[in-house]
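Quick mapping for you: the protein sequence lines, in order, are chains A and B. Using our numbering, the letters of the first sequence correspond one by one to residues 1 to 136. Using our numbering, the letters of the second sequence correspond one by one to residues 1 to 135.
Source of the hints: derived by calculation from the structure; they are not laboratory data. The reader is advised that the hints may include incorrect statements.
[To be verified] 30 Å max Cα-Cα, derived DSBU-like pairs, lysine-lysine:
hint, chain 1, residue 1, chain 2, residue 2
1, A, Lys41, B, Lys28
2, A, Lys81, B, Lys101
3, B, Lys88, A, Lys70
4, B, Lys43, A, Lys41
5, A, Lys41, B, Lys60
6, A, Lys41, B, Lys113
7, B, Lys72, A, Lys41
8, B, Lys101, A, Lys70
9, B, Lys88, A, Lys41
Please read these numbers as outputs of a predicted model, since none were measured by experiment.
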Amino acid sequence: MWDDLVAALTYTGLPFAHFGWSKAADMSACDHGVYAEDNEKALYANNAHAERVLEGTIDFYSREGTGAAKRNIEAALTLYKIPYRLNSIQYEEDTGFVHYEWVFEVLDRENVSAPMVDPDYEQFEDVTEELLYTHG
Amino acid sequence: MAKITFDGFDDYIKELTGLEVNVEAAIKEAVYPAAAMVIEEIKANTPVDSGDLQNAFYLKKFEDKEGYVYTKVDVWGYDEKGVPNMLKARALESGTSRMTKRPFIRPAVNRVKSAAEAEIGRNFDQIISRIFKKG
Chain A
1 MWDDLVAALT
11 YTGLPFAHFG
21 WSKAADMSAC
31 DHGVYAEDNE
41 KALYANNAHA
51 ERVLEGTIDF
61 YSREGTGAAK
71 RNIEAALTLY
81 KIPYRLNSIQ
91 YEEDTGFVHY
101 EWVFEVLDRE
111 NVSAPMVDPD
121 YEQFEDVTEE
131 LLYTHG
Chain B
1 MAKITFDGFD
11 DYIKELTGLE
21 VNVEAAIKEA
31 VYPAAAMVIE
41 EIKANTPVDS
51 GDLQNAFYLK
61 KFEDKEGYVY
71 TKVDVWGYDE
81 KGVPNMLKAR
91 ALESGTSRMT
101 KRPFIRPAVN
111 RVKSAAEAEI
121 GRNFDQIISR
131 IFKKG
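Here chain A stands alone, though its shape is the one from the complex (with noise of 0.2 Å):
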């Protein structure tokens, strides 16, 4: 869930932005990430979505040269049980940043339709058993 990876990114303690390059650019003095959702993977069902994942990345810029914070952040997200890969280490050799970024996936159920209740399903059920019924 979306609530779960921003717990997730809070509980590192270290500074985020979500979607705020601009805001991400005032903290360039120091360590900082941005997150961003980006793209959706859905399961649809009775014209709506049944089941939808939003896909997006995080990104952290380090200077600092152990891979503490990184080792931080993917703790936390495993902690939270967001599901990650890690796309990507460059070195932003005009900056001296280290960027990470991972790819997370988190379940959306805020924009989902409600339990699909489809109000002819008793009705195809009948028919079917009819049809069973037909033809033995």
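Got chain A sorted already, so can you dock chain B onto it with the hints?
Chain B only, in chain A's frame:
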């Protein structure tokens, strides 16, 4: 550039291996149209500035590494300012501490993956039925 792995085609490969056909050629024939779908989706999703980057995507020649036949979506060339298109693609996809990211490859692949897998399955079915008709 983009490594996209499609699984679940082992049964097709086994079926082809049992027949006296060029399996590698059959795999290429099945996979190529799906790879083309993936690259077209990536191109359609590429942020357009001069259009250099959009035209820089191409499919690499198929390779056979220990029985694993594959192609790759790659980026070639430089833009009009002499910046490597690969660098631009990477900077857009992942961002930097000074530049907002605009992911376009991963979302495009996510969107087209199911359709591309279905296309590979359909192509394998057609190839196998064609082989049986010949036999």
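Index of numbered hints that the structure contradicts, given in increasing order: Violated hints: none at all, because every hint is consistent with the structure.
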